[in-house]
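So the first sequence is numbered by my numbering: it starts at 264 and just counts up by one.
Derived from the structure by calculation, the hints contain no laboratory data. None of the values given here were measured: they were computed from a predicted structure. Quick reminder that beta carbons are idealized off the backbone N, C-alpha and C, glycines included. There could be a bad hint or two in this list.
[Stated by the list, open to error] Straight line, CA to CA, 30 Å or less: simulated BS3-like cross-link-like pairs of lysine-lysine:
#1 Lys329 with Lys517
#2 Lys635 with Lys268
#3 Lys268 with Lys287
#4 Lys268 with Lys285
#5 Lys673 with Lys404
#6 Lys311 with Lys329
#7 Lys684 with Lys673
#8 Lys287 with Lys454
#9 Lys635 with Lys454
[Claimed, not checked] Beta-carbon label-pair distances, calculated as ranges:
#10 Thr685 with Lys385: 25 to 33 Å
#11 Asp380 with Asn315: 54 to 62 Å
#12 Pro400 with Lys537: 32 to 40 Å
#13 Ser371 with Ser318: 54 to 62 Å
#14 Val422 with Met304: 50 to 58 Å
#15 Lys287 with Gln487: 28 to 36 Å
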Amino acid sequence: MLDIKFIRENLEVVKMAAVKKKIKIDLDRLVAVDDARREVMTALEAKKAEQNRVSADIIAADAVVKSQLITEMQALKTEIQADEEKLKPLMEEWKALMLQVPNVPDMSVPDGESDADNQEVKIWNPDGSTERPAPLPFPMKDHVELMTALGMVDFERGVKVHGFRGYFLTGDGARLSWAIWNYANDFFGAKGFEPLLGPSIVRKSNLYGTGHLPNDAEDVYNTQDDDYLIGTSEVSTMGFYADEVLEQSQFPIKFLAFSPCYRREAGSHGKDTKGLIRVHEFFKVEQVVLCEASHEESVRLHEEINRNTEEFIESLGIPYHTVLNCGADIGQGQVKKYDIELWVPGEKTYREISSASYFHDFQTRRFNIRYKNSEGVMHYAHSLNCTAIPTPRILVSLVENFQQADGSIKIPEPLQKYLGKTEIK
RNA sequence: GGAAGAGUCGCAUAGUGGUCUAGUGCACCGGUUUCGAAAACCGGCAUCGGGGAAACUCGAUCGAGGGUUCAAAUCCCUCCUCUUCCGCCA
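Model the full structure from these sequences, guided by the hints.
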C-alpha cells in the first residue's frame, strides 16, 4: 500500500513503476476516483458538522422549536444518507485500486521482461573461481536417483498419499533435513536472529498485508473457514506486530521464523514435474526484519540479510550465484530483490534457493505497524525478508554437488555434527 | 460444540440515548520549587482523513461491520477476540 498523497504527488513515478513491474493498473482512474471521493466526503462532512451543531441546539430548545429543528434534521438525515450511498461504491473502487498499486522499485533495479533478464551480480565456488562449475569428473546421477537409491526419499508413496508433487523424506533424507534446520537455527541465531514458530493457518488479512493477496490468490490454499495456508512464514511473522506501536529502540527486530509452506503452484503444472524442486508443501527458515523508516537502513539491512544467506551457503560449500531481479520479476510491494540460486549439476543450471527483498513501508501500512521516533512522531516501520534456507529444495543441490563416484554423499563439514556422520551411503 | 461475562486514549478505570469537544488515576514530557532529587503544584499529552502557507478548523474513531434515532460509547443484529465453566481432544 502506498500513501494516496504520495501517489497523487508522484503520479508519473508510480506509472513508471507499474510499467517496470509489468503490472496493469489505471492510475488515472485512481486519481479520478480519489477526486470524486474527496468531493463527496467534503460535502458529507459539512452536513455532519451542521447536524452536530443543530444537535446541540435541540437539547436547549423549547418544545415548539425542538420539533421544528427535528423536522429539519430529518431532511438533512436523508441528504446525509444519500451522500453515504454515493460514497460507498467510490470507496470500494478506491480500495480495490489502492491494493493494486505497485511499490516503486529502486533505481538500481534493471528493466526486463522476465526472470531471464535478471542480472547475475556474483558467482561463488568453493575453489574461489568465478566461472560456472565444471561437470563432475564421473558419470553423475540426479537427486532423484541418488536419494531414492540411498533411501532418503520416497516419491511413490508420497504421490500415493498426497497426489501430484507428493513426497516422503525417509531415513537420512529426514535426518539431513533436521540437521539443516538445527544448523540454520544456530548459524542465524549467532547473527542476532530470534527464533519464532508461528501459525501456518492465518486470517486472510495477513496475506493482504504482505501483498500476496489480492494478486496471487490462485496460488494460495484456503480452508472451509476462509482461513489461508501460508506460502511463507513471512506472512504470520509480519502479522505478529499488526496494529501495534513499537519503540524505536527495539529496531532492528530480527526474527528467524520457521514454518511449513503451502503453494498451489497454479500455472506451473508442466514445470519441474519430477523431484524435490517444486512441491506443494515444504519447510522454510526465513529472516524477517523490521526497522526504522529510513531508506538507508532498509538498504543496509537488505544487503546484510542477503549476505547472511550467502554466507550460510558458502559454509556448506555449495556453488551459487546471486542475481539482481529485474522489474518484471519483483513483487508488487518489493522495492528491490536479490535471488540466490544454487548450482544443480543434473540440470547444468542454477536454481533459486533464496529471495531477499525490502518493502519500505508497503507492508507495514497494510499491517498498521508503527513506531514513535525520538521526537514523538508516528511512522510506519520498514520491513524486509530473506530466505534463510528452504527444505527440501536445498537437498537437491546438496546431494548432487556432494555425490561421489560410488553414489554416496559426502556431508559438508558444518552439518556433520548435526547429522552425526560424515557421509551418507 | 454448549453456557455466562467482558472488549473505552500506552496501562488501569468512569461513563445505560443529548452538558462526552470521551472524565479520572498511573505513566510520560515541560515548568515552578530545590544545592540536587523526591513530593507537591501548574501546564501538556491519541490516531486517521478533509481544508489551510500557518495559526487553526471540520469530520471520523469507545473490538469490527450493519441497524434503530433528529442524535449512539450507551439500544438492537451479525461477526471477531479474551475470560470463566461444561464437553471433546494432541
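Each hint tested on the structure:
The straight-line distance between the Cα atoms of Lys329 and Lys517 is roughly 61 Å, outside the 30 Å bound, and the hint therefore fails. Between Lys635 and Lys268 the alpha-carbon distance is near 21 Å, which keeps this suggested pair within the 30 Å criterion. For the hint linking Lys268 to Lys287, the alpha-carbon distance of about 21 Å falls within 30 Å, and the restraint holds. For the given pair, Lys268 sits about 23 Å from Lys285 by alpha-carbon distance, which is consistent with the 30 Å threshold.
Between Lys673 and Lys404, the direct Cα distance comes to roughly 14 Å. Compliance with the 30 Å bound is thereby established for this hinted pair. Restraint check: the Cα-Cα separation between Lys311 and Lys329 comes to about 19 Å, which is no more than 30 Å; the hinted pair holds. For the given pair, Lys684 sits about 9 Å from Lys673 by alpha-carbon distance, which is consistent with the 30 Å threshold. With a C-alpha separation of about 40 Å, the suggested pair Lys287 and Lys454 falls outside the 30 Å cut-off, and the hint is violated.
Using a Cα cut-off of 30 Å, the hinted pair Lys635 and Lys454 holds, with the two alpha carbons roughly 26 Å apart. Between Thr685 and Lys385 the CB atoms are about 29 Å apart, so this pair conforms to the stated range of 25 to 33 Å. Hint check: Asp380 to Asn315, Cβ distance near 57 Å, so the stated range 54 to 62 Å holds. Judged by the Cβ atoms, the range 32 to 40 Å given for Pro400 and Lys537 is violated: they are separated by roughly 25 Å.
Hint check: Ser371 to Ser318, Cβ distance near 57 Å, so the stated range 54 to 62 Å holds. A beta carbon spacing of about 56 Å between Val422 and Met304 agrees with the range 50 to 58 Å that was offered as a hint. Separated by about 32 Å at the C-beta atoms, Lys287 and Gln487 satisfy the suggested range of 28 to 36 Å.
In terms of the numbered hints stated before, the structure departs from hints 1, 8, 12, listed from lowest to highest.
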